[in-house]
Amino acid sequence: MVTPLDLIKKKRAEAVGRIISKGYLSTIRVYVGMATCEIAAGSKEVMAVFKDAIANGLTDVYLSQKGCAGRCNLEPTVEIVEEGKTPVKYGKVTEDRAKEIIERHIKNGEVISDWVI
Amino acid sequence: MSDYTITICDGTACIQNKSRNVRQELEKELEKHGLTDTVSINVSGCLGMCDKGPIMIVYPGYHIYGKVSQDDVAEIVEEHLVKGEPIARLLINEDHLYNRFFRIFGDREFFGRQMRIALRNAGIIDPENIDDYLSLRGYEALAKCLTDMTPENVVEEIKKSGLRGRGGGGFPTGLKWMFTAREKSDVKYVICNADEGDPGAFMDRSAIEGDPHTVLEGMAIAGYAIGANKGIVYIRAEYPLAISRLEIAIAQAREHGFLGEKLFGTDFSFDIEIRLGAGAFVCGEETALIHSIEGKRGMPRPRPPYPAVSGLFGKPTLINNVETMANIPVIILDGGDWFSSIGTETSKGTKVFAVAGMVRNTGLVEVPMGTTLREIVYDICGGIPGDKKLKAIQTGGPSGGCLPAKYLDTKIDYESLAAAGSIMGSGGMIIIDETACMVNIARFFIEFTQDESCGKCTPCREGTKRMLEILTRITEGKGKKGDIEKLERLGNTIKMSSLCGLGQTAPNPILSTIKNFREEYEEHINEGFCRAGVCKALLKYKITEKCVGCGACKRVCPVDAITGDKKGLHVIDQDKCIKCGRCFETCKFEAITKS
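As given, the protein sequences belong to chains X and V, one line each in that order. The numbering of the first sequence is the working numbering, which starts it at 1 and goes up by one. The numbering of the second sequence is the working numbering, which starts it at 1 and goes up by one.
I should point out that these hints are in silico values taken from the structure, not numbers from a laboratory. You may find that some hints are simply not true.
Derived pair list, reagent style BS3-like, types lysine-lysine, alpha-carbon separation capped at 30 angstroms [said to hold, decoys possible]: (1) V:K67 - X:K85; (2) V:K144 - X:K9; (3) V:K389 - V:K588; (4) V:K144 - X:K10.
Full structure from sequences and hints, please.
Shown next, in the form of structure tokens:
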């Protein structure tokens with residue numbers, strides 16, 4: 001008989017497969033905080049900037065939302081994760097800052113240290 | 001940006017195992033190899049791997065080294081940091097559920113000293129995608145229970161963990177489960193209490209918005225353990241995003257067969273529905289909550305019978321808070337023994353706090369029990385802006401108390417906070433600096449509780465109202481001799497004679513501020529003086545010799561209380577003055593004083 005533990009392992013493997021097929025292994029992963037507090041601080045607009053950029057041809061980027069991590073006074077937060085590098089988290093990201101993060105960090109690999117938490 | 005970041009555990013156990021010597025040695029070695037600019041060292045709070053300490057984590061790669069001795073340091077620097085080859089003999093493969101946090105976040109100062117168990121996924125995964133949760137061993141704890149644990153085993157494991165209710169009461173969770181499990185009934189309920197109502201508290205909202213599945217999984221495990229097939233999340237309607245994420249999560253879990261009929265193909269069925277509360281504070285009390293779900297007016301009733309015996313619709317009911325539920329999957333997967341190795345003698349595991357008020361980094365903080373208030377305020381939250389002095393720390397919301405700065409080194413657990421005169425509560429923590437008036441703060445909390453009193457018990461209904469009147473009087477400069485004693489007598493009477501937790505704790509903010517800041521009350525009453533300058537009625541604006549007679553203050557005064565000739569000294573008519581402070585803000589010459 002298939003035990004629940006066998007079943008969950010299979011489900012997990014499938015889930016990981018689905019996440020990868022959505023581009024998880026892209027060079028850069030971008031996470032935008034989307035809890036009530038972050039949305040109130042303007043994270044929906046920030047998310048839209050990243051979505052637009054991807055719709056307009058920005059490739060090799062995995063975009064995902066996430067909940068609140070607890071950095072209330074620095075929201076909205078955006079996190080950029082690259083394999084093999086220390087993750088970078090930006091605080092108080094506005095639409096303009098998001099556009100600049102795309103241009104300078106994602107496209108040119110420059111960490112904008114002034115905005116890093 | 002450093003090439004490598006090294007975390008060294010600075011928890012009590014690791015310090016005993018000489019982690020600080022390892023750190024010194026590492027600093028020396030880095031200097032020797034000229035790596036101080038490219039390698040940064042970070043000190044963390046307890047990482048929960050005490051038996052393998054001292055722990056050192058090297059990032060990138062997340063290589064965890066255990067039992068690192070001073071002699072190993074040179075090898076780590078030369079082989080790993082210089083040549084890039086991790087040292088196999090020191091590596092430990094920890095597959096703990098929690099503690100991926102630091103790996104994903106670069107934000108070390110804030111998160112480094114924290115230990116995230118309940119919030120392990122919040123802020124990391126996409127809460128609306130079950131795949132994210134599954135990829136991090138989601139629902140594995142439930143599967144483990146159904147595969148090789150009997151309901152008794154599960155209850156035993158929770159008892160062993162030492163977990164206590166995180167909603168504020170601190171009742172041992174394992175016992176509560178055992179009491180509900182041993183009742184014989186064809187229908188039982190599991191209720192998750194998400195009726196978070198303390199002003200300034202948002203732990204439960206963030207937990208649900210960030211990781212709803214973990215709460216559902218905890219509830220399903222509870223259902224299995226106590227023999228219930230039905231779960232209810234009682235959540236306030238003013239949390240729309242949390243509700244919608246819960247709905248999405250429930251639908252996804254049903255689709256995968258983690259909720260509904262015959263979970264994982266076994267004989268155990270469990271489903272969850274959401275009930276919305278209208279936001280009455282008293283409905284966080286378990287019997288009032290049950291009444292609210294039953295469609296009755298949200299009022300508490302005497303206990304016993306406890307809900308474990310006769311709860312929702314008269315059936316045995318288990319009620320646990322969101323944070324309590326979020327701890328369950330970790331306890332099942334990592335073990336009760338492991339969980340109970342974290343924390344203090346009487347309080348195990350971690351606690352989430354919503355830190356607000358006059359502090360640099362406000363936010364959600366999850367720390368092991370036994371962390372001191374000082375570590376939270378100064379290390380994690382960065383201290384008080386403008387380097388002002390800390391006056392008090394308010395914990396436990398309207399049921400809690402204000403602890404003055406001398407309690408900063410109190411280790412956080414249920415007992416020590418109670419001994420200091422406050423409570424753990426559900427996790428609200430407000431940092432108060434010297435610019436706040438303690439009488440006014442006490443007034444704020446009693447205003448809240450008197451508004452939220454359900455009215456069933458006279459002492460609570462009438463008493464809180466009278467207390468508010470007296471406090472309002474004091475802040476308006478009309479306090480009388482004997483008011484403090486009256487507040488104390490009234491407060492103690494309300495505590496003793498109220499039925500539920502709301503009334504029993506409502507006077508706490510007042511009693512604790514009287515105990516710790518009595519001189520502020522006395523100043524208000526006897527001298528008509530508010531040292532923080534907050535109580536408007538006690539303020540006096542005066543124009544000093546510095547006045548150049550520009551007339552700016554005269555023009556902004558809304559009640560024409562200021563008179564004076566051009567280029568001459570102006571005067572404020574104290575009878576007319578309404579203390580709005582506009583003159584004070586307008587004056588460019590600092591000629592107006594506030595006292």
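Hints, one by one, checked against the model:
Note on V:K67 and X:K85: the hinted pairing holds, with a Cα-Cα distance of about 26 angstroms set against a maximum of 30 angstroms. Pair hint V:K144 plus X:K9 holds up; C-alpha atoms about 11 angstroms apart against a cutoff of 30 angstroms. Taking the CA atoms of V:K389 and V:K588, the gap is about 27 angstroms. The hint holds against a cut of 30 angstroms. Our distance criterion of 30 angstroms between C-alpha atoms is met by V:K144 and X:K10, whose separation comes to about 14 angstroms.
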